[in-house]
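Protein chains: 2
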Amino acid sequence: MLSKKTKYGIKALTFIARQPERNPVQTSEIAKSENISQKFLESILLILRKSGFLGSKKGKGGGYYLIKEPEDIKMTAIIRVLEGPIAMVPCVSLNYYEKCDDCPDEKTCSVHKLMIQVRDSTLNVLGDNTLADLT
Amino acid sequence: MLSKKTKYGIKALTFIARQPERNPVQTSEIAKSENISQKFLESILLILRKSGFLGSKKGKGGGYYLIKEPEDIKMTAIIRVLEGPIAMVPCVSLNYYEKCDDCPDEKTCSVHKLMIQVRDSTLNVLGDNTLADLT
DNA sequence: TAATAACCTACTAAATCGATAGGTTAATAG
DNA sequence: CTATTAACCTATCGATTTAGTAGGTTATTA
Numbered sequence: 000m001l002s003k004k005t006k007y008g009i010k011a012l013t014f015i016a017r018q019p020e021r022n023p024v025q026t027s028e029i030a031k032s033e034n035i036s037q038k039f040l041e042s043i044l045l046i047l048r049k050s051g052f053l054g055s056k057k058g059k060g061g062g063y064y065l066i067k068e069p070e071d072i073k074m075t076a077i078i079r080v081l082e083g084p085i086a087m088v089p090c091v092s093l094n095y096y097e098k099c100d101d102c103p104d105e106k107t108c109s110v111h112k113l114m115i116q117v118r119d120s121t122l123n124v125l126g127d128n129t130l131a132d133l134t
Numbered sequence: 000m001l002s003k004k005t006k007y008g009i010k011a012l013t014f015i016a017r018q019p020e021r022n023p024v025q026t027s028e029i030a031k032s033e034n035i036s037q038k039f040l041e042s043i044l045l046i047l048r049k050s051g052f053l054g055s056k057k058g059k060g061g062g063y064y065l066i067k068e069p070e071d072i073k074m075t076a077i078i079r080v081l082e083g084p085i086a087m088v089p090c091v092s093l094n095y096y097e098k099c100d101d102c103p104d105e106k107t108c109s110v111h112k113l114m115i116q117v118r119d120s121t122l123n124v125l126g127d128n129t130l131a132d133l134t
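Here the protein sequences come in this chain order: A and B. Position one of the first sequence corresponds to residue 0 (numbering that gives the first Met the number 0), numbered consecutively onward. Position one of the second sequence corresponds to residue 0 (numbering that gives the first Met the number 0), numbered consecutively onward.
Accuracy of the hints is not assured; some may be wrong.
[What the hints assert, rightly or not] Pairs of lysine to aspartate or glutamate residues, derived as DMTMM-like cross-links and limited to a Cα-Cα distance of at most 20 Å, are as follows:
| no. | chain 1 | residue 1 | chain 2 | residue 2 |
| --- | --- | --- | --- | --- |
| 1 | B | Lys3 | B | Glu82 |
| 2 | B | Lys112 | A | Glu41 |
| 3 | B | Lys112 | B | Asp132 |
| 4 | A | Lys112 | B | Asp132 |
| 5 | A | Lys38 | B | Asp104 |
| 6 | A | Lys112 | A | Asp127 |
| 7 | A | Lys31 | B | Asp104 |
[Unchecked claim] Which residues of chain A face chain B? A few of them, derived with a C-beta cut under 7 Å, are:
| no. | residue |
| --- | --- |
| 8 | Leu1 |
| 9 | Ser32 |
| 10 | Asn34 |
| 11 | Met87 |
| 12 | Leu113 |
| 13 | Ile115 |
| 14 | Val117 |
| 15 | Asn128 |
Hints in this document: simulated from the structure, not taken from any laboratory. Using N, Cα and C, we set each Cβ at its ideal position, and we do this for glycine too.
Make a model of the complete structure from these sequences and hints.
Written out as structure tokens, the structure reads:
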């Protein structure tokens, strides 16, 4: 299941990407429009800023703005930052690999074999879609 | 993330499907071979029996056995029983649909649009694979 | 200097997960 | 008929994660 954190993060980024001007958008505006708890959203946008998706400006007229073009922001990147691994099992994760403690040999593991296929197909979809495709 | 429940369930089913004879396999044997807590595995095999994947036999020489041919057991069916929805968001789930409380219109929701694609590609992989493919 | 909005830290209620404990029931072997 | 075996059932539990809330501080603008 996708966490609300990730879901809200994607919605917020989409909201910002939809702005006609490149003006900063306030957290409160996004929160109201997308029905998200403002405090929770604050923490999400902070993560997205710290990981290089957003810039920010304080004080009146401040807010968050996109640093890159929506076409250049792949959904894989967003989801990895907010949700963590895309793979359903750590032992097939490209960016968050971890060995299973129960599995002695990945090569003969039936789950491993299957989850690699799932990972690849998911990766294809999320790699093909950019923020621009969601606007 | 795939739960251990589902992971162990798939491993157990694969183990049973690998048996040369159709003889019942004991929980203890699977647990030992696959490094799974026996008690936990018991509860999983019980679910798989109640949902029609396995038959069981009590007493000495008892255990669990497949009811259908491995070729006829799709991975989608197994995962839906053990893990629940395959979709990452309830609002795009075919078997466990639920409306999002924050989202006023699914048609214009960016997350919805994306998650439908992820669901379909995952469904393709899990629908193409049967238990026989994992053995 | 007041208002604004991002930024930061800490806490928490509720749910879920991965078990464990301690039995009961039914089938088989001797 | 009895002991053993293995499935079956119910309850509980510690740890972790989730989705927030509370209450501030810092920097920018009018």
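Evaluation of the provided hints:
| no. | hint | result |
| --- | --- | --- |
| 1 | Lys3(B) with Glu82(B) | 9 Å, holds |
| 2 | Lys112(B) with Glu41(A) | 24 Å, violated |
| 3 | Lys112(B) with Asp132(B) | 31 Å, violated |
| 4 | Lys112(A) with Asp132(B) | 9 Å, holds |
| 5 | Lys38(A) with Asp104(B) | 24 Å, violated |
| 6 | Lys112(A) with Asp127(A) | 23 Å, violated |
| 7 | Lys31(A) with Asp104(B) | 15 Å, holds |
| 8 | Leu1 | 4 Å, holds |
| 9 | Ser32 | 10 Å, violated |
| 10 | Asn34 | 4 Å, holds |
| 11 | Met87 | 4 Å, holds |
| 12 | Leu113 | 6 Å, holds |
| 13 | Ile115 | 10 Å, violated |
| 14 | Val117 | 5 Å, holds |
| 15 | Asn128 | 6 Å, holds |
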